[in-house]
Amino acid sequence: MTSPKWTFVFFLSAVFACAHAQPAIFHGADLGLGQKLIDDNKCVACHATKVPGDGSAIYKPQGRINTPGLLRGMVEQCNTELNMGMFPEEVNAVAAVLNRDHYKFK
1 MTSPKWTFVF
11 FLSAVFACAH
21 AQPAIFHGAD
31 LGLGQKLIDD
41 NKCVACHATK
51 VPGDGSAIYK
61 PQGRINTPGL
71 LRGMVEQCNT
81 ELNMGMFPEE
91 VNAVAAVLNR
101 DHYKFK
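In the working numbering, the protein residues as written are 1 to 106.
Keep in mind that a hint or two might mislead.
What follows is a set of in silico ranges between Cβ atoms, one per label pair, in the way DEER data are often shown [as the list claims (entries may be wrong)]:
1) 77 x 45: 15 to 21 angstroms
2) 52 x 88: 30 to 36 angstroms
3) 80 x 33: 18 to 24 angstroms
4) 85 x 44: 18 to 24 angstroms
5) 102 x 82: 17 to 23 angstroms
6) 69 x 44: 22 to 28 angstroms
7) 55 x 104: 33 to 39 angstroms
8) 106 x 85: 29 to 35 angstroms
9) 53 x 28: 29 to 35 angstroms
10) 63 x 40: 26 to 32 angstroms
11) 89 x 63: 15 to 21 angstroms
12) 82 x 21: 15 to 21 angstroms
13) 63 x 85: 27 to 33 angstroms
14) 28 x 51: 17 to 23 angstroms
No farther apart than 16 angstroms at their CA atoms in a straight line, the calculated lysine to aspartate or glutamate pairs in the EDC-like style are these [as the list claims (entries may be wrong)]:
15) 42 x 54
16) 60 x 89
17) 36 x 89
18) 50 x 89
19) 36 x 81
20) 106 x 54
21) 50 x 81
Please keep in mind that the hints were generated in silico from the structure rather than gathered at the bench.
Everything numeric in this text was worked out from a predicted model, so none of it was measured.
A virtual CB, placed ideally from N, CA and C, is assigned to each residue, including glycine.
Generate coordinates for the entire structure from the input sequences, incorporating the hints supplied.
Here it is as structure tokens:
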């Protein structure tokens, strides 16, 4: 029989795993790299010039981005249009950070 202590530990582990779950498309993404790329490329400052306020409204356009694949595609569009030269794994890392911080797709 499992002790109450271990049952609690397993429960907390499951809760933690679910709380930080990412869609399959983002599994293995380097979140540290994604955050660094967002900071280095001044993505937040650029987005703030495109929408009113602090720029965060750009992350939830009504009905435009409703799947993890579309989110990754929008990051790729920025990469292409702005000639950023990011590799596919870098695009994925940026999209994974945006998902973690704004979209919360599971």
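Against the structure, the hints:
Look at residue 77 against residue 45: about 18 angstroms separates their beta carbons, and that is inside 15 to 21 angstroms. The beta-carbon spacing between residue 52 and residue 88, approximately 32 angstroms, falls within the hinted interval of 30 to 36 angstroms. Residue 80 and residue 33 have their C-beta atoms about 19 angstroms apart, which keeps the hinted 18 to 24 angstroms range intact. The hint said 18 to 24 angstroms for the Cβ distance between residue 85 and residue 44, and at roughly 19 angstroms that hint holds.
Distance hint for residue 102 and residue 82: a CB-CB separation of about 19 angstroms, consistent with the stated range 17 to 23 angstroms. Between residue 69 and residue 44 the C-beta distance comes to about 23 angstroms, which sits within the given range of 22 to 28 angstroms. For residue 55 and residue 104, the hinted distance range of 33 to 39 angstroms is not satisfied, since their beta carbons lie about 18 angstroms from each other. Distance hint check: the CB atoms of residue 106 and residue 85 are about 31 angstroms apart, consistent with the given range 29 to 35 angstroms.
Between residue 53 and residue 28 the CB atoms are about 33 angstroms apart, so this pair conforms to the stated range of 29 to 35 angstroms. The beta-carbon spacing between residue 63 and residue 40, approximately 30 angstroms, falls within the hinted interval of 26 to 32 angstroms. Here the CB-CB span from residue 89 to residue 63 is close to 29 angstroms, at odds with the stated 15 to 21 angstroms. Between residue 82 and residue 21, the C-beta spacing of about 30 angstroms breaks the proposed range 15 to 21 angstroms.
The hinted window of 27 to 33 angstroms between residue 63 and residue 85 holds, with their beta carbons roughly 30 angstroms apart. Distance hint check for residue 28 and residue 51: the Cβ-Cβ separation is about 31 angstroms, which falls outside the suggested range of 17 to 23 angstroms. Distance restraint check for residue 42 and residue 54: the Cα-Cα separation of roughly 13 angstroms lies within the 16 angstroms cut-off, and the hinted pair is therefore satisfied. Under the criterion of a C-alpha separation no larger than 16 angstroms, the hint pairing residue 60 with residue 89 is inconsistent with the structure, at around 23 angstroms.
Restraint check: the Cα-Cα separation between residue 36 and residue 89 comes to about 13 angstroms, which is no more than 16 angstroms; the hinted pair holds. Pair hint residue 50 plus residue 89 does not hold up; C-alpha atoms about 26 angstroms apart against a cutoff of 16 angstroms. Proposed proximity of residue 36 and residue 81 is contradicted: the alpha carbons are some 20 angstroms apart, above 16 angstroms. Distance check on the hinted pair: residue 106 and residue 54 sit about 26 angstroms apart at the alpha-carbon level, beyond 16 angstroms; violated.
Annotation: proposed proximity of residue 50 to residue 81 holds, straight-line Cα distance about 15 angstroms (limit 16 angstroms).
In terms of the numbered hints stated before, the structure departs from hints 7, 11, 12, 14, 16, 18, 19, 20, listed from lowest to highest.
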